[in-house]
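Build out the structure end to end from the sequences listed, making use of the hints.
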Amino acid sequence: NAGVTQTPKFRVLKTGQSMTLLCAQDMNHEYMYWYRQDPGMGLRLIHYSVGEGTTAKGEVPDGYNVSRLKKQNFLLGLESAAPSQTSVYFCASSYSTGEVRAFSNQPQHFGDGTRLSIL
Amino acid sequence: QKEVEQDPGPLSVPEGAIVSLNCTYSNSAFQYFMWYRQYSRKGPELLMYTYSSGNKEDGRFTAQVDKSSKYISLFIRDSQPSDSATYLCAMTVDTGRRALTFGSGTRLQVQP
Numbered sequence: 244n245a246g247v248t249q250t251p252k253f254r255v256l257k258t259g260q261s262m263t264l265l266c267a268q269d270m271n272h273e274y275m276y277w278y279r280q281d282p283g284m285g286l287r288l289i290h291y292s293v294g295e296g297t298t299a300k301g302e303v304p305d306g307y308n309v310s311r312l313k314k315q316n317f318l319l320g321l322e323s324a325a326p327s328q329t330s331v332y333f334c335a336s337s338y339s340t341g342e343v344r345a346f347s348n349q350p351q352h353f354g355d356g357t358r359l360s361i362l
Numbered sequence: 850q851k852e853v854e855q856d857p858g859p860l861s862v863p864e865g866a867i868v869s870l871n872c873t874y875s876n877s878a879f880q881y882f883m884w885y886r887q888y889s890r891k892g893p894e895l896l897m898y899t900y901s902s903g904n905k906e907d908g909r910f911t912a913q914v915d916k917s918s919k920y921i922s923l924f925i926r927d928s929q930p931s932d933s934a935t936y937l938c939a940m941t942v943d944t945g946r947r948a949l950t951f952g953s954g955t956r957l958q959v960q961p
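Chains E and R are the protein sequences, given in the same order.
Each step along the first sequence adds one to the number in the working numbering, with nothing skipped, and position 87 is 330.
Each step along the second sequence adds one to the number in the working numbering, with nothing skipped, and position 8 is 857.
Simulated from the structure, these hints should not be mistaken for laboratory data.
One or more of the hints may lead you astray.
What the hints assert, rightly or not - Some chain E residues near chain R, calculated using beta-carbon distances under 8 Å:
| hint | residue |
| --- | --- |
| 1 | Gly283 |
| 2 | Met284 |
| 3 | Tyr291 |
| 4 | Gly301 |
| 5 | Val303 |
| 6 | Tyr307 |
| 7 | Pro350 |
| 8 | Gln351 |
| 9 | Phe353 |
| 10 | Gly354 |
| 11 | Asp355 |
| 12 | Gly356 |
Stated by the list, open to error - Listing some non-contacts, in silico: residues in chain E with all C-beta distances to chain R over 10 Å:
| hint | residue |
| --- | --- |
| 13 | Gln260 |
| 14 | Thr263 |
| 15 | Glu295 |
| 16 | Lys314 |
| 17 | Asn316 |
Stated by the list, open to error - Between beta-carbon pairs, the in silico distance windows are:
| hint | chain 1 | residue 1 | chain 2 | residue 2 | range |
| --- | --- | --- | --- | --- | --- |
| 18 | E | Ser327 | R | Leu895 | 25 to 31 Å |
| 19 | R | Pro859 | E | Val255 | 25 to 31 Å |
| 20 | E | Thr250 | R | Pro930 | 17 to 23 Å |
| 21 | E | Val293 | R | Ser877 | 24 to 30 Å |
These figures come from a predicted structure and were not determined experimentally.
Yeah, the Cβ is synthetic: ideal placement off N, Cα and C, and Gly gets one too.
Here is the structure:
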């Protein structure tokens with residue numbers, strides 16, 4: 244049982260190049276998220292998905308696109324990479340439920356991150 | 850001003866000490882409060898979770914929430930070198946998307 248797997252773990256890009264980060268989860272979770280983590284800023288939500296075929300913007304969506312074609316996969320794309328997008332990217336997933344108090348049993352499970360440098 | 854403020858540290862303590870980690874927040878709508886532990890080059894892992902105000906204890910860890918002061922704390926008793934990590938507070942309003950707002954993290958170093 245792998246949990247949340249992110250591919251690749253490291254990548255160096257040149258300004259203007261494009262790439263796709265892949266997140267895969269094997270827990271049958273409905274919700275998936277992409278965060279970026281920068282020094283002194285904590286984790287900030289880029290985009291999220293509440294189910295297959297649905298996506299929505301988070302706190303810092305500019306310059307990124309996402310797709311959720313399959314329930315287990317959530318892709319993050321950079322169409323034209325910029326140095327400001329140098330960061331560590333984390334994917335997370337969680338269950339969904341209409342029961343509010345059940346949230347305690349639905350932590351967000353995180354992958355180990357993709358370290359992206361843009362020169 | 851950030852919605853969630855957390856002292857970045859680093860905080861260095863001797864083994865066996867009691868550690869206190871804190872966050873303040875500005876959004877009174879937050880109802881769910883979490884502490885995540887993040888080891889170097891790893892993803893965050895959920896350590897403690899609390900709903901609304903009050904205390905919650907789990908082994909050596911105690912989480913406290915004071916909604917009137919918009920202040921949350923994590924206490925670690927009998928700290929161990931294996932507790933050395935970055936501790937992130939996180940919180941959320943009860944919304945359908947369940948996305949979290951994180952503090953910037955406090956780096957803790959427990960000296961043997």
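Hints and how they fare:
Hint status for Gly283(E) relative to chain R: holds, with the closest Cβ pair at about 5 Å, below 8 Å. Taking 8 Å as the C-beta contact cut-off toward chain R, the hint placing Met284(E) at the interface holds, the least distance being around 6 Å. With its C-beta approaching chain R no nearer than about 6 Å, Tyr291(E) sits inside the 8 Å limit, and its interface hint holds. With a cut of 8 Å, the hint placing Gly301(E) at the interface with chain R holds, because the nearest CB-to-CB distance is about 6 Å.
The closest approach between the C-beta of Val303(E) and any C-beta of chain R is roughly 12 Å, which is over the 8 Å cut-off, so the hint fails. Proximity of Tyr307(E) to chain R is violated relative to the hint, the smallest CB-CB distance being about 15 Å (cut-off 8 Å). Given the 8 Å rule on beta carbons, the hint for Pro350(E) holds: about 4 Å separates it from the nearest Cβ of chain R. This hint holds: Gln351(E) has a C-beta 7 Å from the nearest C-beta of chain R, less than the 8 Å allowed.
Because the beta carbon of Phe353(E) sits about 3 Å from the nearest beta carbon in chain R, less than 8 Å, this interface hint is met. With its C-beta approaching chain R no nearer than about 5 Å, Gly354(E) sits inside the 8 Å limit, and its interface hint holds. Because the closest C-beta pair between Asp355(E) and chain R is about 5 Å apart, less than 8 Å, the hint holds. The criterion of a C-beta within 8 Å of any C-beta in chain R is met by Gly356(E), whose closest approach is roughly 6 Å, and the hint holds.
Non-interface status of Gln260(E) relative to chain R is upheld: no Cβ of that chain comes within 10 Å, the nearest being about 24 Å off. The beta carbon of Thr263(E) sits about 19 Å from the closest Cβ of chain R, which is more than 10 Å, so the claim that it is off the interface holds. Under the 10 Å C-beta cut-off, the non-interface status given to Glu295(E) relative to chain R holds; the minimum distance is some 16 Å. At the 10 Å boundary, the C-beta of Lys314(E) stays outside the reach of chain R, the nearest C-beta of that chain being 17 Å off.
Once the 10 Å rule is applied to beta carbons, Asn316(E) is consistent with being away from chain R; the minimum gap is 17 Å. About 30 Å separates the C-beta atoms of Ser327(E) and Leu895(R), a value consistent with the hinted range of 25 to 31 Å. Restraint check, Pro859(R) to Val255(E): a C-beta distance of roughly 28 Å satisfies the suggested window 25 to 31 Å. At about 32 Å, the beta-carbon gap between Thr250(E) and Pro930(R) misses the expected band of 17 to 23 Å.
Between Val293(E) and Ser877(R) the CB atoms are about 25 Å apart, so this pair conforms to the stated range of 24 to 30 Å.
The structure fails hints 5, 6, 20 (numbered hints given earlier, in ascending order).
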